[in-house]
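**Q** Here the protein sequences line up with chains A and R, keeping their order. Residue numbers are given in this note's numbering: position 107 of the first sequence equals residue 107, and the series is strictly consecutive. Residue numbers are given in this note's numbering: position 99 of the second sequence equals residue 213, and the series is strictly consecutive.
Take these hints with a grain of salt, some might be off.
Not the full set, but computed from the structure, chain R residues with beta-carbon under 8 Å of chain A [stated by the list, open to error]: (1) 130; (2) 154; (3) 220; (4) 223; (5) 224; (6) 225.
Treat the hints as calculated values from the structure; they're not laboratory data. By construction, the Cβ of each residue, glycine as well, lies at the ideal position given by its N, Cα and C atoms.
Here are the chains, one letter per residue:
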Amino acid sequence: AQSVTQPDIHITVSEGASLELRCNYSYGATPYLFWYVQSPGQGLQLLLKYFSGDTLVQGIKGFEAEFKRSQSSFNLRKPSVHWSDAAEYFCAVGEDTGGFKTIFGAGTRLFVKA
Amino acid sequence: DVKVTQSSRYLVKRTGEKVFLECVQDMDHENMFWYRQDPGLGLRLIYFSYDVKMKEKGDIPEGYSVSREKKERFSLILESASTNQTSMYLCASSPLAGGAAPYNEQFFGPGTRLTVL
Numbered sequence: 001a002q003s004v005t006q007p008d009i010h011i012t013v014s015e016g017a018s019l020e021l022r023c024n025y026s027y028g029a030t031p032y033l034f035w036y037v038q039s040p041g042q043g044l045q046l047l048l049k050y051f052s053g054d055t056l057v058q059g060i061k062g063f064e065a066e067f068k069r070s071q072s073s074f075n076l077r078k079p080s081v082h083w084s085d086a087a088e089y090f091c092a093v094g095e096d097t098g099g100f101k102t103i104f105g106a107g108t109r110l111f112v113k114a
Numbered sequence: 115d116v117k118v119t120q121s122s123r124y125l126v127k128r129t130g131e132k133v134f135l136e137c138v139q140d141m142d143h144e145n146m147f148w149y150r151q152d153p154g155l156g157l158r159l160i161y162f163s164y165d166v167k168m169k170e171k172g173d174i175p176e177g178y179s180v181s182r183e184k185k186e187r188f189s190l191i192l193e194s195a196s197t198n199q200t201s202m203y204l205c206a207s208s209p210l211a212g213g214a215a216p217y218n219e220q221f222f223g224p225g226t227r228l229t230v231l
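Isolated chain A, as found in the complex (with noise of 0.2 Å):
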């Protein structure tokens, strides 16, 4: 069965420093990868997609992802972290049902200090 894990509950960098979130899937087929961020008391935003072609992707908000096959992972990372990103992170895979199943990992919550 697919699945998504997202190896940190949580994480704590200083504000300016650089950022990655880590996420593993297990998709037998070429995966749709999502980032997603949930700040508090809000719904999920998407931040980046990927689906073919430059395995590099760049996202909203200064953020990118990496897709590596042969590690299976889909990492997110920004160069310089700012108070505001200060949020929940998830990690989602879609399946290829007609777009309709999307896997969503546990999340990483992300704390910024000054």
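We have chain A; now place chain R onto it with these hints.
**A** The following block gives chain R in isolation, referenced to the frame of chain A:
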């Protein structure tokens, strides 16, 4: 600006009550979804719908039902609320996948935090 709205941000109900959670989208999307979000578990799919009057069970449908009488509206029903249904409920919608967009992102509402006492 695309929008998914949910009828309540916070709801407190008693065990055994019938609970209705409403979701409306203004993007003319075909697909709509109901998830529950619990700490450490991420989002789990309860039900989804790909057309009016159509519904499919997700991963955790027990204790829930849904209704989609109009394209823009998708309702989640707890027939007899129980304390283990205390959770954050998220509604989402997405357009039909196909062509240049083989798999479409989902657009989420702000969520309803339901407490069952």
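**Q** It remains to establish, for every hint, whether it holds in the given structure.
**A** Consistency of the hints with the structure:
no.: 1; hint: 130; verdict: 29 Å, violated
no.: 2; hint: 154; verdict: 6 Å, holds
no.: 3; hint: 220; verdict: 6 Å, holds
no.: 4; hint: 223; verdict: 5 Å, holds
no.: 5; hint: 224; verdict: 5 Å, holds
no.: 6; hint: 225; verdict: 6 Å, holds
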